[in-house]
Amino acid sequence: MTYIGNKSDLRVVGTRPDRPDGVDKVTGRAIYGADFRLAGQLVGRILRSPHAHAKIIKIDTSKARALPGVKAVMTAQDMPNITSEESFVGEGPTNFRDQSLNVMARDKVLYEGHAVAAVAAMSPSIAEAALALIEVTYEVLPHVIDVEEAMAPGAPILDETLFTAGVDPKPTTPSNIAKKIILKSGDIDAGFAKADIIAEGRYVTAAVHQAYIEPHACVATIGADGQATVYASSQGHFMIRAFCAKLLGMEISNIRVIPLEIGGGFGGKTIVYLEPVALTLSKMAGKPVKLVMTREEVFRASGPTSGAVVEVKMGAMKDGTIVAAQAVLKYQAGAFPGSPVQPGLMCAFAMYDIPNVHLTGYDVISNRAKVAAYRAPGAPISSYAAEQVVDDLARQLGMDAITIREKNAAKAGTKTVYGVTFPEIGYEAVLAAAKSHAHWKAPLGKNQGRGIATGFWFNIGGESSASVFVNEDGSVSVVSGSPDIGGSRASMAMMAAEVLGIPVANVRPIIGDTASIGFTNVTGGSRVTYATGMATVQATEKVIEQLKQRAAMIWDISPDAVDWKDGQAVPAGANAGGFDPLSLAAIAAKAGKTGGPIGSEVSVNAQGAGPGFGAHICDVEVDRETGQTTILRYTAIQDVGRAIHPSYVEGQIQGGAVQGIGWALNEEYIYDAKGKMDNAGFLDYRVPVASDLPMIEAVLVEVPNTRHPFGVRGVGEVPIVPPMAAIGNAVRDAIGIRMHSLPMSPPKVRKALDSGQG
Amino acid sequence: MSGLSYTAPSTISEAVALLANEAGLAKVMSGGTDLLVQMKIGRLKPSLIVDTKKIPGMIGIREIGGCFVIGAATSGALMGEHAGLVAAWPGVVEATNLIGSTQVQGRASLAGNLCNASPGADSPPAMIAAGAIAVIAGPNGTREVPVEAIVTAPGRTSLGKGEFITEFRLPKKAARSGDAYLRFIPRTEMDIAVVGCGIAVTLDAAGVCVAAKVSLGAVAPTQLVVAGAAAALIGNKLTDAVLAKLDAECQAVCKPINDKRGTIEYRTKVAGVLARRVAAIAFQRAGA
Chain A
1 MTYIGNKSDL RVVGTRPDRP DGVDKVTGRA IYGADFRLAG QLVGRILRSP
51 HAHAKIIKID TSKARALPGV KAVMTAQDMP NITSEESFVG EGPTNFRDQS
101 LNVMARDKVL YEGHAVAAVA AMSPSIAEAA LALIEVTYEV LPHVIDVEEA
151 MAPGAPILDE TLFTAGVDPK PTTPSNIAKK IILKSGDIDA GFAKADIIAE
201 GRYVTAAVHQ AYIEPHACVA TIGADGQATV YASSQGHFMI RAFCAKLLGM
251 EISNIRVIPL EIGGGFGGKT IVYLEPVALT LSKMAGKPVK LVMTREEVFR
301 ASGPTSGAVV EVKMGAMKDG TIVAAQAVLK YQAGAFPGSP VQPGLMCAFA
351 MYDIPNVHLT GYDVISNRAK VAAYRAPGAP ISSYAAEQVV DDLARQLGMD
401 AITIREKNAA KAGTKTVYGV TFPEIGYEAV LAAAKSHAHW KAPLGKNQGR
451 GIATGFWFNI GGESSASVFV NEDGSVSVVS GSPDIGGSRA SMAMMAAEVL
501 GIPVANVRPI IGDTASIGFT NVTGGSRVTY ATGMATVQAT EKVIEQLKQR
551 AAMIWDISPD AVDWKDGQAV PAGANAGGFD PLSLAAIAAK AGKTGGPIGS
601 EVSVNAQGAG PGFGAHICDV EVDRETGQTT ILRYTAIQDV GRAIHPSYVE
651 GQIQGGAVQG IGWALNEEYI YDAKGKMDNA GFLDYRVPVA SDLPMIEAVL
701 VEVPNTRHPF GVRGVGEVPI VPPMAAIGNA VRDAIGIRMH SLPMSPPKVR
751 KALDSGQG
Chain B
1 MSGLSYTAPS TISEAVALLA NEAGLAKVMS GGTDLLVQMK IGRLKPSLIV
51 DTKKIPGMIG IREIGGCFVI GAATSGALMG EHAGLVAAWP GVVEATNLIG
101 STQVQGRASL AGNLCNASPG ADSPPAMIAA GAIAVIAGPN GTREVPVEAI
151 VTAPGRTSLG KGEFITEFRL PKKAARSGDA YLRFIPRTEM DIAVVGCGIA
201 VTLDAAGVCV AAKVSLGAVA PTQLVVAGAA AALIGNKLTD AVLAKLDAEC
251 QAVCKPINDK RGTIEYRTKV AGVLARRVAA IAFQRAGA
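Chains as they are written, first to last, in this note's numbering: chain A, 1 to 758; chain B, 1 to 288.
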């Protein structure tokens, strides 16, 4: 059933009730990963490689084992040596063997911080002392950090068994280039031949971390019968279960994963680091084991997103029609294959209807921590380059930067380079909202500049489960399998309340563990409000059918003669009889006599997610003496389909913009000459602080996605796509120089101002 | 596992004896905002921590005949709330109030910021420019030295075994004088100076500078006193030519390093930029 209809008919959806998780979070009662403890738990610690690239010759754990208070010491030898196998467990394809080797190095360490051994002990100090007693003999190998250096002939090879895929004929020598991908449409040469003007640029981005506030943490316990329970905060407890089962050779039914409150993920908690280690240690020690990463470990050993080199060339006719677009993307994957270069390719020009497109992508490994998903994985990097080249086209043509985008805008029926034809989309509506916004025409002062950039993310559906129960007093419980990282509990409760016609305060949403709700994919890809929301709505509708049947039994009439209206069962018409309405509470009170408890669970594999588009307008002021860029004003406009809880949606947009501002101005992984990360902490890995930022104005455009009962599109990913280009375009406007690398940090901008080259 | 003892004596002499007699590494703690972090990351492994906050006079600000006596363990928050100190030495207070976060401000002390001996510390350049004196207690009694004589190298001070700073003294503010401090960081707070600059000036009735002291932070292993920069100001009003000379003198003394927080080239240029901006504020405060 659809509830899109007239927005003013909705009573709950579109309002801003207090969030169901709010009180616990602001009072400190919420139990995050590191807060959880079990009686008798041991303290786990992980020994990590001090080298960027080395062979492990020998690991001697005998002294650590002999230390009083040490209950278990493990290395990769204590885990199954599994074979290569593609996995689709997290957000995007990975390989189970790579996951295993990333969790614990076996023959080689591939980056500084790579886990090589772990201990479980009675206290933190004993565990630390035990780590110091583990003797690892390394043969240090030459390392490579930079993506283009890793691609170059003669580069240190990380994996002698890796041959570049996607190249014909199949290469005979190993390479750090895991894969070459080409996507194309039309005839690129003919396109450029037709162009009156060309703009191009080579852009470099730095690896950046999701920088969630909560470090990875878990407690694992496994009994003598092999029954295991894992308590962890993540973006998918079913994901943890699947990885642990595969990496440890266990049956899925023997692992129960209980989700804890999550303190941010942004994609970075869609894979495992600690859980298989904690389970292995627990099995060895016969006690629960807790592992908590330090912030330094989070930076060194958990996935950032790729740094990259992106070369873009675009051609347009005098009237602004873009006739050709070409890009080469070289993405760092970290130590194992699997950068988000594919979505980077797909998203680069997705905002535009361009007849001739040619995209080449390289997935490149180097001695860095393996990348993990980060909000719209891959898209911000390619868009950062493409949207600045579009800005250059507009400048060459003397055309307004929104007008050129309107002229080439993708719309319903536009076929993308990756083969999909867009359904109804809101890109043109977003551009129109940007053009009419007061920000676009506001005056600018000296050393100030304005930029706009747009962005695209697919949004996805996938497998989700939700159940809805009517409790004995008529209150309602909604259980879903989706960890709540962006307000999903609030939106599930609101959608259920809307369908039921009851106040949202009467609906309590929770997240079910892996043994109490059906399988659910990770919270990622902006899929939860769409897919889990669909399951929730369908489960609620099934509950309403049951409620109507119960009312029919009470009234002794046919269920067809009962309507559900405003949270009550009512006779369908005059012929049905003159009964007083039956409330949810009244029906619930009699549930025992009318067939037992009322409830329903629905599992879906949701298709037809609605593509999302956004446009960000940014004003900056550049201090020409220090090179410092200040964000003066920021407006983020996005087609959200329909905002279930607008405050959460605005929060997603603001958060994405702020992470993008950090990516643009200050965030970067810095390595020393030995390939060690030099800024593994929040002091020198500079995320924006509150005082760095103006209020981010979020403008919600609502072009409903007709395949969702309420018109939902995903909202969490799109807002991190435009910021880097928007700020790059604004800086270009302010100083007259195009900056070509991120971050646009003060020393770099000052150098550009001194040299005249960015 | 090595042991760690903590003690909070109530007299200076007791603290001196504890520090002097400890066989292992003894560390003085006031706010602990640097010490505890360094212990956590394993850089420091003291066997004894002597907390000075229980010693009378270690926390608090007294005005004596126009001079200010600031207890060594006094936090930035207390300094910022002292109207008399803010009026007399705004540069010193604003430098101290740039350290860390609001929470850190409630703990971090003036002596700790100095004795941590970081080249990038915020309060020392302002204290040096203001002519602050450190009063040191030790096994051989009390001695007084200018603040610039404390730090000898990154992480090292001139304090001997058993010695610690008990208070700082700021001179009586001269008529028509003013001080200021600015630092450059890539963000707006919660950061460590890429360059810091403190300047104090005194003007005559005509607005001509008659006394000046310029100190730079984060551009050398220790805070620098830039005599050439002071000389550029003395005898002059703040004209474009004087500002250019000040900028050049400051750049000339910089000996920074290339690191993750800034390049040699960048730090050197920004030292000049900041000096000009700080001088303008100090002159304005002095009534120019």
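Quick caveat, the hints were computed from the structure, so don't treat them as lab data. All values derive from a computational prediction rather than experimental measurement. The reader is advised that the hints may include incorrect statements.
Result set (EDC-like, lysine to aspartate or glutamate): computed pairs, CA atoms no more than 16 Å apart in a straight line [unchecked claim]:
no. : chain 1 : residue 1 : chain 2 : residue 2
1   : A       : K179      : A       : D159
2   : A       : K676      : B       : D259
3   : A       : K108      : A       : E128
4   : A       : K751      : B       : D51
5   : A       : K751      : B       : E265
6   : B       : K260      : A       : D684
7   : A       : K748      : B       : D51
8   : A       : K674      : B       : D51
9   : B       : K40       : A       : D672
10  : B       : K45       : A       : D678
11  : B       : K260      : A       : E128
12  : B       : K260      : A       : E139
13  : B       : K40       : A       : E296
14  : B       : K27       : B       : E63
Covered by chain B, per the in silico footprint, the following chain A stretches (three or more residues, Cβ under 8 Å) [stated by the list, open to error]:
no. : segment
15  : 350-364
16  : 434-444
If you want a taste of the chain A side facing chain B, the calculated C-beta under 7 Å gives, among others [claimed, not checked]:
no. : residue
17  : T173
18  : S691
19  : D692
20  : M695
Think of the CB as a built atom: it goes at the ideal place given N, C-alpha and C, for glycine as much as any other residue.
Here is what the structure says about each hint:
Only pairs whose Cα atoms come within 16 Å are accepted, and A/K179 paired with A/D159 is accepted, the gap being roughly 13 Å. Between A/K676 and B/D259 the alpha-carbon distance is near 14 Å, which keeps this suggested pair within the 16 Å criterion. As the CA atoms of A/K108 and A/E128 are separated by approximately 23 Å, the hinted pair breaks the 16 Å bound. The hinted pair formed by A/K751 and B/D51 fails the criterion: a straight-line CA distance of about 46 Å is larger than 16 Å.
Distance check on the hinted pair: A/K751 and B/E265 sit about 9 Å apart at the alpha-carbon level, within 16 Å; holds. Among the hinted pairs, B/K260 with A/D684 is consistent with the structure: their alpha-carbon atoms are about 7 Å apart, no more than 16 Å. Of the pairs offered as hints, the one joining A/K748 and B/D51 is violated, with about 43 Å between alpha carbons and a cut-off of 16 Å exceeded. Distance restraint check for A/K674 and B/D51: the Cα-Cα separation of roughly 39 Å exceeds the 16 Å cut-off, and the hinted pair is therefore not satisfied.
Under the criterion of a C-alpha separation no larger than 16 Å, the hint pairing B/K40 with A/D672 is inconsistent with the structure, at around 23 Å. For the suggested pair B/K45 and A/D678, the alpha carbons sit about 22 Å apart, so the restraint of at most 16 Å is broken. In summary, the hint linking B/K260 to A/E128 is not supported, as the alpha carbons are separated by about 29 Å, beyond the 16 Å threshold. This hinted pair does not check out: B/K260 and A/E139 have alpha carbons roughly 28 Å apart, beyond 16 Å.
Between B/K40 and A/E296 the CA atoms are separated by roughly 12 Å; this keeps the pair inside 16 Å, and the hint holds. Between B/K27 and B/E63, the direct Cα distance comes to roughly 29 Å. Violation of the 16 Å bound is thereby established for this hinted pair. By the rule of at least three residues with a Cβ nearer than 8 Å to a Cβ of chain B, the coverage given for the segment 350-364 of chain A is violated, with 0 such residues. For the segment 434-444 of chain A, the assignment as covered by chain B is violated, since 0 residues bring a beta-carbon within under 8 Å of that chain's beta-carbons and 3 are needed.
A distance limit of 7 Å between C-beta atoms decides the matter here; for A/T173 the minimum to chain B is near 36 Å, and the interface restraint is violated. With 7 Å as the threshold, the beta carbon of A/S691 comes within range of chain B, its nearest partner Cβ sitting at about 4 Å, so the hint holds. The interface hint given for A/D692 holds, since its Cβ lies 5 Å from the closest Cβ of chain B, which is under the 7 Å cut-off. Annotation: A/M695 was flagged as interfacial toward chain B, and the flag is violated, the nearest CB pair being 15 Å apart, outside 7 Å.
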